[in-house]
Structures are given as C-alpha cells and as structure tokens.
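Letter by letter, the sequence shown follows residues 18 to 557 in the numbering used here.
Keep in mind that the hints were calculated from the coordinates and are not lab data.
Result set (SDA-like, lysine to any residue): computed pairs, CA atoms no more than 20 Å apart in a straight line:
#1 289 to 516
#2 172 to 444
#3 268 to 152
#4 126 to 61
#5 172 to 475
#6 406 to 389
#7 104 to 20
#8 337 to 283
#9 268 to 148
#10 254 to 240
#11 337 to 275
#12 48 to 62
Quick list of the computed label-pair ranges, beta carbon to beta carbon:
#13 456 to 504: 44 to 50 Å
#14 303 to 59: 28 to 34 Å
#15 395 to 335: 15 to 21 Å
#16 398 to 279: 16 to 22 Å
#17 506 to 91: 51 to 57 Å
#18 438 to 86: 32 to 38 Å
#19 194 to 91: 26 to 32 Å
#20 443 to 541: 39 to 45 Å
#21 213 to 129: 25 to 31 Å
#22 144 to 176: 17 to 23 Å
#23 410 to 137: 32 to 38 Å
#24 252 to 107: 54 to 60 Å
Don't be surprised by glycine CBs; every beta carbon is placed ideally from N, CA and C.
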Amino acid sequence: MTGNPEVERELRNILESTENRFLTVRLNRTKANWDAMMMPSDDAIATSKEAELTYRKEVGDRPLFDEIGERLADAGVQDVMLRRWAKLLRYEMAPNMYTVEVHESIVAKEKVLEAKLRQFRPEIEGTRSTMADIHRIMNKSDDIEARKQAWEAGKTFGSEIVPSIVELTKARNVAARSIGFPDFYRMHMELQEINETRMFSALSAFTAATEEPFRRMKAQLDRMLSDKFHVDAINLKPWYCSDPYFAKVPKVFETNVDSLYAERDPMEWAPKYFDGLGLPLERILKEDTITRTSAHPKWEFTDMDGAGDLRLLVSPAPNKDGAEEMLRVLGKASYVARIDKHLPMTLRRPAHPSMLEAVGRFFARRATDFEWMLNMFEMRGSQVRGLDKAMPIELRYQRIIEGRWRMVLVHFERGLYRDPDQNQQNRWWDLIERFQLLRRPPDRADMADWVMHPTLLLNPVQSHNYIIAEWHASQFATAMKKQLGLEEPVLWMDDARIGEWFKERIFKHGAMWEYNELISTATGGSSRPDDFVSQFLTTS
18 MTGNPEVERE LRNILESTEN RFLTVRLNRT KANWDAMMMP SDDAIATSKE AELTYRKEVG
78 DRPLFDEIGE RLADAGVQDV MLRRWAKLLR YEMAPNMYTV EVHESIVAKE KVLEAKLRQF
138 RPEIEGTRST MADIHRIMNK SDDIEARKQA WEAGKTFGSE IVPSIVELTK ARNVAARSIG
198 FPDFYRMHME LQEINETRMF SALSAFTAAT EEPFRRMKAQ LDRMLSDKFH VDAINLKPWY
258 CSDPYFAKVP KVFETNVDSL YAERDPMEWA PKYFDGLGLP LERILKEDTI TRTSAHPKWE
318 FTDMDGAGDL RLLVSPAPNK DGAEEMLRVL GKASYVARID KHLPMTLRRP AHPSMLEAVG
378 RFFARRATDF EWMLNMFEMR GSQVRGLDKA MPIELRYQRI IEGRWRMVLV HFERGLYRDP
438 DQNQQNRWWD LIERFQLLRR PPDRADMADW VMHPTLLLNP VQSHNYIIAE WHASQFATAM
498 KKQLGLEEPV LWMDDARIGE WFKERIFKHG AMWEYNELIS TATGGSSRPD DFVSQFLTTS
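Construct the complete structure from the given sequences, taking the supplied hints into account.
This is the structure in structure tokens:
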C-alpha cells in the first residue's frame, strides 16, 4: 500500500521537531549519569538527579505522545522508517508521562538509593572494605572463616534499606498503572517489545534443558569443593563458592590463565584482535575518550550523543576476568560506533539491550576459548599443558551456572513487582534453592540478601536480557559458521568476514528493525535457547 506523501511529510516534521527538542535533555542526562559514575560525589549525584528529572518531565509530554499516536494510526503513513521512528519515540515517552509530583518523588527515591548502594563499604573484622575485596577473598582465600565473614559482610547493608526499596517498587507500580499498565515490570516488557508469555515459555525451555546437566555439574563441583576444603558435601555453604552469588565456576579446575593475561598489555593485543576482524578500534580507543581507574571494578562505556562520542572507563585487571570484561565492552562499543549515522537519532542505537549485550558476550567468550588463546598468544609447552581439556569444560560450566543464576534474578524481579509485600527474603532463597541448588544458611530469615544485587535497583527489568543475550551470542556463532562456511575449530580471529557479517547483519541497522525481526533475518532463528543448548550441552 502506498502512503500519502503529505501525511507522511507532516509526521516527519513532527518527529524531527521532537528530536531537536529532546536532544539537550538527553545529552545532559547521559553526561550527568556518566560523571556520577566516575565520581559519585554529592554534587555529581545532585546534578544527575536534576538532569534525570528534567529529562523525564520533558519527554513525558502526553499531548505530543497522543498526537504522534494519532498520526501513526493514519493509513496514509506507510513509510517503514517513519513508522519505526514514531513507535520508538512513543516508547521513550510512555514511561515518563507521570505527574510532576510523581516524577520528583520517584527520582528522589532512586537517587538516594543509588547513592547509598554506590557508597556502601562492607566491614570485615572492623575494617572498611569494598565489594572488590569481598570478591577477591572469595576467589582466592582458603580460610573458611574469612570466606564466611566476607560473604556475610557483603550482605549487611540490605536490611536497612528494604523499606525504601519496597516503597520505590510500589511507587513505580502506581506510576505505571496511572498510564495504563498493570505494573512497572509489565510496562517495561511491553516497551522492550517483549511478549512476556512467550519469553517465559522460552525461559522454561532453557530451565528444562539445563536441569539435569546442571545437577550433574553441581554434584561434581560439590565433590571437588568438598575435597578442596575438607568438608562433607552436605555441609557446603554459599561462601564456599568463588563469588557472592554462585554466578561463576568455583576455583576448582586447573585452568589458571591469569598469568598469561598479566604478562600482556591489553591495549596492545585487543586492538590487534579487532583489527584482524575488520573492526579497528581507532575511533574508540582515543586518549580523549578514555578514563583509566583501578577503583572501579569493571570496564564501562557510554554513547554520549549518538554521533560518535563514545566514552570508555578502563579498569585494567590483568587477569582472565579483566580480559573478558574488556572484550565485552569493546565489542559493544564496536557495535555502537558502526550504527548508520544517517538514521534519525532515536534509531541510532542498538536494536535491543539484549542485542547489545549479545555482541559483547560473543567477544567476551574468546577470553576463555582455548583454541583462540592458543593462536592469539602463540601459547606453547607448559603454558598449554592440561588446558586443552579443562578449559572447554570450565567454559561450558560457566555458561550454565551463570544462566541458572540469571533465572533467579528474572523470577525474583517479576515477583517483586507483582507483590512487593511478599516475604522477599524467603522467596529469594526459595529461588536460589530451586535454580542453583544451594542450601540456605541458618539465621538468614531476618536478613535481606536479595537487596545487594545492584541490577535490581540500578538497572531494573533487565535481568532477562542477559539470558537472551547468551542465546543470541550462540546464534551468531551458528549462523556465521553456516553462512561463511567456517570450518571447525573456528578460531574467530584474523578473518575480516566475521567483522563484515556483524557490520552488515547487525551493527549498521541500529534500531531500525524490531529485534526479533533482526535476529531472524541475521541468523534464521528466533529468541530461543536452541543454539545455546547445542553449543554448551551436547557434550555434557
């Protein structure tokens, strides 16, 4: 059907005017949030709060939202890009159409809790520490009491802010209902273009596919931890794991490759790697865009303006985890840097949070890929001995263990917004026992262990995207093997066809297409765990 040129021209004028109007508040918000993350001072946090509030008030324009909706419903609008542009602008506006009083109340609650969480310093034996210290102790210490103290210290903060979090949860729900959604969670599902029923069906399939393999993995890990710490397996507690959440494989395999990364400058080998794929990093790794720090535990990046101003926070951890984090962030930055700049600003972003994360995770997997390391670093002799068998096993375990942990978060967050007044601590441990097969320690009933995972507060209704991203990363690999004729073992390096595949199939399109359509066109599949299961479970 042919569109009406005059009707489409009128809609285009409205959309361009709206983009220009929103430009400043978008930029100010992004910059203020970046500055507050770099240096969470009182002034920076206050500026971030004001920028957030100003942004929400500006984009939450109900009359404009309705006008764009009416224009979009006109049969004279058939231009695909115009329709997508209008749709995503309305998605941006929809969750901000609250009253000024509601905006101010919610933003104030969010910023206070964010500040408390960022400034939290756990005490271990009377000494103020950091969450990085807790991760280090749980990762390296053989002292069971020290591990227990670290694990408990990381969760001491929760109880004092539970009332504030429940209050914020309820306020978000009330606000979502005021604009026609059942609750805050389902609002974000719809605005992320996710069919909640279909997604949880796929998650159920993932749970079923990983159930027995995970039970076998967990039983083997319990035997290995029992031997390592000289304790009966039935007496193992969560602090015997190597991180506070059992999101990573415990340190029981002889695959310590940290020394290999410690010997190499990532700012030398990472650009070389991406160059070999036809994805040079010159536009990304510029001195005026990089902030180096050892205080922040992770690499971070943000797109400041949609026009090429990317900022990187570099946290040079010279180990395997640091290499994974670096590859993940550089992969994501490579995606954003190559989105077609001719697209309208609203479309000049990744197709979906899960798609951006999937690209990052595809590259992050290389850091624990034995064949890739063997060739990338020209490993020989004693560097290789035993790794060829142990590393693939550990990689497979890691993917399943993290997936089961993410299931805890997804189900917990959904339930939190459906009924904020439930006993959340009890429900948290019910889910941990169900999905991770960990026994809850005694004397935790009055605690709030669920509070301390920052995703639930700082990045709400996103946990599912990390699971979907893992599925997509496997879909990318399967599709490229078929479409490019890659032969096993695929090294995923020194092949510009790989970079070209990403640029043409994923990167350049930005948010022009709904993400299920994009993943289907690029890979021939849908958002399902099938390729992930084939990749990581067929040899379990």
